[in-house]
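Enquirer: Whenever a hint applies, use it, and build me the whole structure from the sequences.
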Amino acid sequence: MATTHTLRAKHRRSALRTLAFLSPWLIGFAVFFAYPMISTVYFSFMHYDGFRPPTWSGTKNWTYVFAHYPFFWPALRNTLWLVVIMVTLRVLFGLGIGMLITKIKTATGVFRTLFYLPYLAPPVAATMAFAFLLNPGTGPVNSLLESVGIPAPGWFNDPDWSKPALTLMFLWGVGDLMVIFMAALLDVPKEQYEAAELDGASAWQRFRFVTLPNISPIIMFAVVTGVIAAMQCYTQPLVAGKVASGVIQGAGTMFEPGYPEHSTLTLPQLVYNLGFQRFDYGSACVVALVLFALSMAFTALLMRRRGGLIQAGD
Amino acid sequence: MTQVLDRPAELTARATPAERAARRRALLEWIAVHSLGVAAALFFTLPFVFVFLTSLMSDSQALSRDLIPHTWEWANYRKVFDTPGFLTWWRNTLVYAGLGTVLTVVSSLPVAYALAKFRFRGRNLTLMLVISMMMLPPQVVVIPMYLFWAKQLDLSGTLWPLIVPLAFGDAFSIFLLRQFLLTIPGEYLDAAKVDGCGDLRTLLKVVLPMAKPGIAAVALFQFFTAWNDYFGPQIYASENPDAWTLSYALESFKGAHHTDWNLTMAATVLVMAPVILVFFFAQKAFVEGVTLTGVKG
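Residue numbers (numbering that gives the first Met the number 0), protein chains in the order written: chain A, 0 to 313; chain B, 0 to 296.
A few of these clues could be false.
Here are the simulated lysine-lysine pairs, DSS-like style, with alpha carbons at most 27 Å apart [unchecked claim]:
(1) A:Lys9 - B:Lys116
(2) A:Lys102 - B:Lys283
(3) A:Lys189 - B:Lys283
Only part of the chain A face toward chain B is listed, based on derived beta-carbon distances under 10 Å [stated by the list, open to error]:
(4) Gly27
(5) Phe28
(6) Thr39
(7) Thr105
(8) Pro122
(9) Ala125
(10) Met127
(11) Phe131
(12) Leu143
(13) Met230
(14) Leu237
(15) Cys284
Keep in mind the hints are simulated off the structure, nothing from the lab.
Because the structure is a prediction, the values reported are computed rather than measured.
Just so it is clear, CB atoms sit at the ideal spot from N, CA and C, and this is done for glycine as well.
Expert: What follows is the structure in structure tokens.
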């Protein structure tokens, strides 16, 4: 009898200690996620401009965003463009650079550092730099292109080239993928390559049947995290658009994101545009919920593939 | 001299044709790999070089198509420092990044420790929630959060809405630290328990010293997240230039000096430089952090 008693007390103590250790995050989760998430759902059914008290508006915000707000579908299309094209190119390029770095035998450390540094460049600074490098008038890139006789594109000033320009910038910052691909490639067992070579496998066959299967979990990880990052893409397109359009920043400056011609508008920018520029908090919450649904869908994909990706514990 | 030059020829002469072919292939591969390496290095480096060179040009030359400065205008950097507000923005950034980093580490470590080493019901669920939060765009909850800070607490135009939440654990930091703590053998913790250490003592006296590299990685990532943050300051600080941070204020150089690319690029260099300097002192922590969160536990 006494033993069960102490056992129960012990259990309670251990539950309390767990709770104590987790408490910072549990409180944070409640205050900075659960409560605002419920509010987001609530506001998505209210008309609220931040001044007059919110009033019930039913599904008006929802129909407004999906049927009447002119920027929702272009923003979703742009986001999907980034998700499909930018992420694919980034993973392929990251894998290529990762393979290259494992093959370089001279001054490897120097090369690795040079390839990695752009990843660390603060996003705003990198965007300012690329807006300058790629500006059609005086940018060094177009000077170089024209000097070798290649017709220079308008980059961030041309709606057909603004997303490729963004992509180029994201390819420049591929250092994180290089590091994880490098680690994965070095982990592939040497014996498998030797065996394949003995069987007379060509370089392509060794890549296809030895390298790829061994690193496929990492490719999957790179794709899913890349997709999530692409969906959150906010600072770079906004700043690129601002700088390219020549808008002067200051308190109270109004800039309709998406320059040129909504070609760099992404979903997160809509939340800002609707909420903080148009003071239509209700409709902004609708877009926030769309963004939430998409992120959770991709996160679920990541978790399902957890096997080799995120170790659940011992 | 001739002897040295002759020796390889002698060696090649002695090699069988198959060996020679293999050696030639290896040499060609070496050349191909290293040319590609140099090409890639140019792609990754030239943007930095052009930005730096432009930052040293005169006003008029920055608007031309020249790549190399005629005269090296180091005074451009002085002009950036003399811009009204620049030192305030620098200080704000250090406060946000520094205070935020300390709070993040202090609040995330116990959570990560519990997730890595305690056995309790709902542990996997908690971990999954942490990972989900890591993937959540900040825009999802920004409307109610803004209304809460601005309308209820009247704290917009300050850095508090950015700093205070970091005292409640940060999902990415918790995840990274947990991945790191998993690698600490349980025997150390058992030994501490046998010696009569409580949980808090174990955390402070045993885990903390062993987790230093993990903490360093988290601190660096958090510091740069704050340093790089644009959205947070845009939401909470945009109306008050005295509360701007460097990343947010950077754009204003384009505005304040119109199309003075030279000063804009000098400011860009100044925002990039600390990150790159710190990287050279703490390379290991960075790379460790990327592989820990990227590959496996």
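Enquirer: None of the hints should be skipped; say for each whether it holds.
Expert: Consistency of the hints with the structure:
With a CA separation close to 17 Å, the supplied pair Lys9 (chain A) and Lys116 (chain B) stays within the 27 Å bound. A C-alpha spacing of about 21 Å is found between Lys102 (chain A) and Lys283 (chain B), which places the hinted pair at or below 27 Å, so the restraint holds. Between Lys189 (chain A) and Lys283 (chain B) the alpha-carbon distance is near 25 Å, which keeps this suggested pair within the 27 Å criterion. With a cut of 10 Å, the hint placing Gly27 (chain A) at the interface with chain B holds, because the nearest CB-to-CB distance is about 3 Å.
For Phe28 (chain A), the interface hint holds, since its Cβ comes within 10 Å of a Cβ in chain B; the closest pair sits about 7 Å apart. A distance limit of 10 Å between C-beta atoms decides the matter here; for Thr39 (chain A) the minimum to chain B is near 6 Å, and the interface restraint holds. Below 10 Å, beta-carbon pairs count as interface contacts, and Thr105 (chain A) has one with chain B at about 7 Å; its hint therefore holds. With a least beta-carbon distance of about 6 Å to chain B, the hint placing Pro122 (chain A) at the interface is held under the 10 Å criterion.
Against a cut-off of 10 Å between C-beta atoms, the interface hint on Ala125 (chain A) holds, since the closest Cβ of chain B lies about 8 Å away. About 5 Å separates the beta-carbon of Met127 (chain A) from the nearest beta-carbon of chain B, less than 10 Å, and the hint is met. A cut of 10 Å between beta carbons decides the hint on Phe131 (chain A): the least distance to chain B is about 6 Å, and the hint holds. With its C-beta approaching chain B no nearer than about 8 Å, Leu143 (chain A) sits inside the 10 Å limit, and its interface hint holds.
The beta carbon of Met230 (chain A) comes within 7 Å of a beta carbon in chain B, closer than 10 Å, and the hint placing it at the interface holds. A cut of 10 Å between beta carbons decides the hint on Leu237 (chain A): the least distance to chain B is about 8 Å, and the hint holds. For Cys284 (chain A), the shortest C-beta to C-beta distance to chain B is roughly 5 Å, which falls under 10 Å, so the interface hint holds.
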